[in-house]
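Novice: Based on these hints, arrange chain B on the given structure of chain A.
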Amino acid sequence: MVVALTGKHTFPGGIHPPQKKALTRDSQIQPGPAAKQISVLLGQHIGAICQPLVKKGDAVEAGQRIGDCDAFVSAPVHSPVSGKVKEIGLRSHAVLGRAQAITIEADENSPEKQPSFQVPADFDLSKYSAEQICEASRAGGLVGMGGAGFPTRVKLEPNPQMPKDNLIINGCECEPYITCDYRIMLEWTSQIIAGLRLAKKASGCSQAFIAIEDNKPKAIEVVRAALESSGNPDQVKVIAVKTKYPQGGERQLIKAVLKKSVPSGSIPPMIGVVVLNVATAAALAEAVIVDVPLTHRVVTVTGEPVVRPGNYYVPIGTSVGDLIEFCGGVTQSAAKVVLGGPMMGIAIADLETPTTKTTNAVTILTKEQIGRAKFDRRETPCIRCGRCLEVCPENLNPTRIAHAVKHDLLDVAERYYMSACMECGCCSYVCPANIEITGFIKTGKIFVARQKKRMA
Amino acid sequence: MLKNITVSSAPHVSKPLSTRGVMLDVIIGLAPAMLAAGYYFRIHAIVLIATCVVSCAGTEWLCNLIRKKSNSLDDLSAVVTGIILAFSLPPALPVWAAIIGSVFCIAIGKMVFGGLGANIFNPAMVGRTFLTASFGMLMTTWMVPATIDAEVRTIAADNTVDARTQATPLAYSKQALKARTGAEAVNEQLGAAFTGEIGGCLGETSALALIAGVVYLLIRRTINFHIPLAVLLSAFAFGSVTYLIDSESSISPLTHLCSGGLLMCAFFIATDPVTAPLTRRGMWVFGIGVGAITMLIRIVGEYPEGVMYSVLLMNAVTPLIDRFYKRIPAGGKASG
Chain A
1 MVVALTGKHT
11 FPGGIHPPQK
21 KALTRDSQIQ
31 PGPAAKQISV
41 LLGQHIGAIC
51 QPLVKKGDAV
61 EAGQRIGDCD
71 AFVSAPVHSP
81 VSGKVKEIGL
91 RSHAVLGRAQ
101 AITIEADENS
111 PEKQPSFQVP
121 ADFDLSKYSA
131 EQICEASRAG
141 GLVGMGGAGF
151 PTRVKLEPNP
161 QMPKDNLIIN
171 GCECEPYITC
181 DYRIMLEWTS
191 QIIAGLRLAK
201 KASGCSQAFI
211 AIEDNKPKAI
221 EVVRAALESS
231 GNPDQVKVIA
241 VKTKYPQGGE
251 RQLIKAVLKK
261 SVPSGSIPPM
271 IGVVVLNVAT
281 AAALAEAVIV
291 DVPLTHRVVT
301 VTGEPVVRPG
311 NYYVPIGTSV
321 GDLIEFCGGV
331 TQSAAKVVLG
341 GPMMGIAIAD
351 LETPTTKTTN
361 AVTILTKEQI
371 GRAKFDRRET
381 PCIRCGRCLE
391 VCPENLNPTR
401 IAHAVKHDLL
411 DVAERYYMSA
421 CMECGCCSYV
431 CPANIEITGF
441 IKTGKIFVAR
451 QKKRMA
Chain B
1 MLKNITVSSA
11 PHVSKPLSTR
21 GVMLDVIIGL
31 APAMLAAGYY
41 FRIHAIVLIA
51 TCVVSCAGTE
61 WLCNLIRKKS
71 NSLDDLSAVV
81 TGIILAFSLP
91 PALPVWAAII
101 GSVFCIAIGK
111 MVFGGLGANI
121 FNPAMVGRTF
131 LTASFGMLMT
141 TWMVPATIDA
151 EVRTIAADNT
161 VDARTQATPL
171 AYSKQALKAR
181 TGAEAVNEQL
191 GAAFTGEIGG
201 CLGETSALAL
211 IAGVVYLLIR
221 RTINFHIPLA
231 VLLSAFAFGS
241 VTYLIDSESS
251 ISPLTHLCSG
261 GLLMCAFFIA
271 TDPVTAPLTR
281 RGMWVFGIGV
291 GAITMLIRIV
301 GEYPEGVMYS
311 VLLMNAVTPL
321 IDRFYKRIPA
331 GGKASG
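Residue numbers (the numbering used here), protein chains in the order written: chain A, 1 to 456; chain B, 1 to 336.
Hints are not guaranteed to be accurate.
Below, in silico cross-link-like pairs of lysine-lysine (BS3-like), each with a Cα-Cα straight-line distance of 27 Å or less [said to hold, decoys possible]:
no.	chain 1	residue 1	chain 2	residue 2
1	A	Lys406	B	Lys69
2	B	Lys326	A	Lys442
3	B	Lys333	A	Lys259
4	B	Lys15	A	Lys445
5	B	Lys333	A	Lys453
6	A	Lys452	B	Lys326
7	A	Lys21	B	Lys333
8	B	Lys15	A	Lys8
9	A	Lys21	B	Lys68
10	A	Lys84	A	Lys36
11	B	Lys3	A	Lys406
12	B	Lys3	A	Lys445
13	B	Lys326	A	Lys367
14	B	Lys3	A	Lys367
15	A	Lys452	A	Lys406
16	A	Lys442	B	Lys333
17	B	Lys333	A	Lys260
18	A	Lys406	B	Lys68
19	A	Lys452	B	Lys333
In case anyone wonders, no lab produced these hints; they're calculated from the structure.
In this text the structure is predicted, and so the values were computed from the model without any measurement.
The shape of chain B in the complex, shown without the other chains:
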C-alpha cells in the first residue's frame, strides 16, 4: 500500500510562497507608478520600461549562459530591476543609453557578485550611477509631461535647450538656494509633484501612484514599514531644520519628500531586501542614513538629487550594520 515513501528533514509542509511570488508582488506594487508614467510621458514611458526590462532580462540570461549556470529568469528579479532602472531614468533618454545602463546594472551590479542575493549594491542604482557618470547631459534633460501644454510653463527654467524640456523642481531649488531666494515657486509645485504632472524621472514624478503601490506591498507584507518610515522621517527632519533656518531659499520639507526620487527610493529601492540590513534596528539605521545622506547631497552638495548615492553608500555599510546589530536570542546570550 505504501510504496516509495519520502524521507526528509522537518518541517514537511511549507507556506505556498516563492521568490517569484515576492518579485511579482513588487511588480504589482510598481504598477500604479507605471500607469502614471504612461499617462504623463506616453510612448517614452512604454519604450523606456520595455527596453530596460528586456535588456536586463537578456543580460541575466546571457550571464547565466556564460557562467554555465541554470537559467534564473523565472524568479523575475531581473524584471524588477529593469522596471526600477527605467523609473529612475529621464523619460527622453535614448534607447541605446537605456540598454547600456541595463547591461551594466545586471552584469556588473548583480551577476559578477554571483547573481540574486549575492550583490552588495542595488543593481538599478549601480546602472543609474553609471549612466549619470557617462552621459551627464542626457541624464539631466527633463521632459515636460504630455498633459501640460508646452507653451504654459509653471517653472521658468532658463529655457534654452528645447521647448519641451524643463528643470525639475529640485534642480530649480538648487538655483534658488544659490540665489538665496525664490524657493516659493518650487513650493507651489507641491500639488503637481504629488500627482506627477511635473518634470522628473519616469517613475518618480507621481507621489500618489508610489504611495498606492507601497500600500499594496505593506498590506501583502512583502516589505515592512521600518525602512520607508526611517527614510522619510529622517529626510523630513533634515528638511525641516533647513527650512526653519532659511525659509526664503530652502524648499519645504514636504516638497522635498514629494520631489525627486525620495519616495520611490524609500518605497522600492531602499527596501530591496538583498542590499538592506536584516534586523529591525539595522533597518532603522539604514533608513535614517539613506534619508540623511540624500538631504545632505540635495542641500549641501552640488547635485540637485542624491538618492542613488545615498542608497549606494548605505548599501556599502549594510554588512557592517548587520554585524553590529546582531539579534540576541529570546533566552539571552548565555550559552549552554
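Just chain A, with the same shape it has in the complex:
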C-alpha cells in the first residue's frame, strides 16, 4: 500500500492559523497529577445528563459507575479513583456554565492508572459480536473525545433505516497547539487499529479510513507501518489530508475523504458515515477488550506561558488549576485559560473547572496573543471585504448573519442559514474589522433556541 505523505484531499474554505504544535509535539504521554480530589461532571456529552448513583459519604472504587441515565442518547460516568464521595453539587462547566458534579476525595492508596494498556497479542475480532461491542461502548461511557462528545454507542449502533458503510478515524487534529491525538497515534497505534476494527464490525461499515493531516508525516508513516505489519485485514486506507483548519470538523473531513456533503441539519450517520476520533478509537479498544471504562484521557497542557507543557494522562475530573500546577505553573504573561484549542476552545474563568471526557487540551494564551484579537484593536465597521465568505467552510455569509443578529433580525439571520454554522471561528479569525462574527452567530443561535422553547 502506497500512501502519499502530502494530502490533496480537502474541503473549500478554511484558514491556516499558526500551528504552534512544536511546543508539545515531542512530549511523550506521561502520567498526570496524582488525583487527590476529583469532580466528575454528570453531563460530559451531548444528550441527557446523568443522575448520580451514589450518595454523599459513599465509598467508591476506581472504575465504578457513579452516574447514569436511561435515555438512549447519553453515556454513564465512572469514578477514576477509589475514595469517598465528598459532595454532590454544582461545579463550573465549560459548556453548560454550572452543572452537577460528584466530588470524590481519593484514598491514600487509590490505584493510579497508568497509560499502559496494550492490545493483547491474542486479540481476536471474532470473539466480540457487534452487540457486545455496542454494549461495551455504552457501559464504558464512551463519547466522542474530539470535542462535541456525542455518545459513541449511538454512532455505532446499526440502524436499519440508516445503514452505515464508511468509517473514518479522525486523526486530523487541526486545532493549533493541540498534540494529544498526534501522540496517541504515535504511541497507541495498535489500540487505535484495534478500536477501528471493533468499530467497523459494530457499525457494519464496509470501508474504513484513517485520515491524518499532512503536517504529521510521522504519524502517517507509523500508522501505515502498523497496518501493514498487521496484514491490514480490513483494507483500511490511510488518507493524508491537507493541513487546513477546520479539516478535523466531521463535515469537512467527510467532504475531504469521501467527497460527500452532509446535508444541513443532519449528522454523518444519516448518510451512512461514522467518524470517530483517534482517542475514542483507542478508548473503545480498552473498553471492549479489557472492560475498562473511560476514566482517564490524554490532555495537552500547552501555551507559551506554561512552564512544562506536555501531554499528560489525566483522571477525568481533575481541575484545570491542578493540571496547570502540575505543569509547573505559568509565567506572568498568562492571560487566558482555554479548554481546547484557541480556535474553538472555551475560555474559563474558574480554575476549579473539572476536565471532562472532551477536554483534549488546556491552552494558556498570553496577553499579546489575545490582545491582538480582542483588546488592542477596537471593532471597526464591516467593509464587506468578503474574507469571511471566502474562508467559511460551510459556504455561508457570516457577516450578513452576524449583522442581522446584531440588529435583532433573527428571521433574516435564519434566512441566511444561521443554523448551518458550525462555529469554527474562521470568520472571526480573518476579519480585518475585528468583528466577533462567530460570537454574534453563537448568540443568535441561543436566541433562536430560546424563542423556540418559549413557543413550544
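Specialist: Only chain B this time, still in chain A's reference frame:
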C-alpha cells in the same frame, strides 16, 4: 499565579490584519499610478492629490466631530477616497473645485450614510459626478502631459482653447464616431495610452502603472480578480462587437480598455468592497454590468466617458444582487 484571566468567545486568536492594513494596501496599490501622474503632470498632480486627501480627511474629521462620533481617520479610508477622487479629476482642475468635490464626496457620499461601510455609492464617484454636473467646462479641459512638447500635437483637437490642452482620445473618438471616420488616429494612440503619455484624468492615463498596482493587490489578496476581470471582459466584448460592425469609425476594443478610466475603474473603483456585492456570482454580475454600461455610454451616449455613471448605477443595484445571489450552505438548504 493566574490572576485576572480573561474570558471571551472563541476564537481566541486572530489574523494580524486590520481595516487600516487593507486600506494601506490599496494606497500602495495606487502608488505606481501616483508616480506616473507625478511624472506626466508634475506639480499639478502633487497639488491635486494633496488637496483631495487633506480635504477628504478634514471633512471626515469634521463630520465625526459634528455627529459626536469617535475619530475614524486612522482607518485611512478617507485617504483612499481622496486619492481615487484626485485620480479621476483633470490635472488642471483649480484647487477650490477639488476641495468642493472632496467635501461633497465624503460628507454626502459617505458620512450621511453612517460612515465607512454604510455608504451605498462609491464616495469618490459621487464627488466626481457632483463636479461634472457643477463645473462641466473645468471637468473636460485636459492638459497635455509635461513630457510632450506643446507644439507637437499627435491628436489634432479643434485647438481653440489653450495651447497646453488637448482632447482625450475618447473625446476624439466621439467626434470620429459622429463624423463616421477617422478612428485610426485614436487607435494609433494605444501605445501612449498604455504608458500614460496622453491627455486625461490624473490617475487614469497610464495603463502600465495601474496594472502594476493591481498586480500587487491581487498578490496581497486585498482584492480578488472577479470584478476586474468581469469589467474588462464585458467591456472588451462590447467593444469588439462595435469594432467588428464598423471599424472605420469605432476605436478598437484594446484602445477602449487602455483609455479613459476603464482600467482605473476595474481595478480600484469597482472593487471597492463596501459598494460591490459580496458573493462570487454577484461580483461577476456587478462587473459585467459596470463594463457594459460604461461601453454603452461611451459608444451610444453623449458622454465620451462613462465609468462613473456605470459604477454608480451598479452600486445602486448591489443590495439587490446580493439578495438574489444568496450563498447556499455546503450542506444544502435543508433546515434541521
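Novice: Now tell me, hint by hint, if it's right for this structure.
Specialist: Consistency of the hints with the structure:
no.: 1; hint: A:Lys406 - B:Lys69; in the structure: holds, 19 Å
no.: 2; hint: B:Lys326 - A:Lys442; in the structure: holds, 21 Å
no.: 3; hint: B:Lys333 - A:Lys259; in the structure: holds, 18 Å
no.: 4; hint: B:Lys15 - A:Lys445; in the structure: holds, 25 Å
no.: 5; hint: B:Lys333 - A:Lys453; in the structure: holds, 23 Å
no.: 6; hint: A:Lys452 - B:Lys326; in the structure: holds, 25 Å
no.: 7; hint: A:Lys21 - B:Lys333; in the structure: violated, 37 Å
no.: 8; hint: B:Lys15 - A:Lys8; in the structure: holds, 25 Å
no.: 9; hint: A:Lys21 - B:Lys68; in the structure: violated, 47 Å
no.: 10; hint: A:Lys84 - A:Lys36; in the structure: holds, 11 Å
no.: 11; hint: B:Lys3 - A:Lys406; in the structure: violated, 32 Å
no.: 12; hint: B:Lys3 - A:Lys445; in the structure: violated, 32 Å
no.: 13; hint: B:Lys326 - A:Lys367; in the structure: violated, 39 Å
no.: 14; hint: B:Lys3 - A:Lys367; in the structure: holds, 12 Å
no.: 15; hint: A:Lys452 - A:Lys406; in the structure: holds, 19 Å
no.: 16; hint: A:Lys442 - B:Lys333; in the structure: holds, 20 Å
no.: 17; hint: B:Lys333 - A:Lys260; in the structure: holds, 15 Å
no.: 18; hint: A:Lys406 - B:Lys68; in the structure: holds, 22 Å
no.: 19; hint: A:Lys452 - B:Lys333; in the structure: holds, 20 Å
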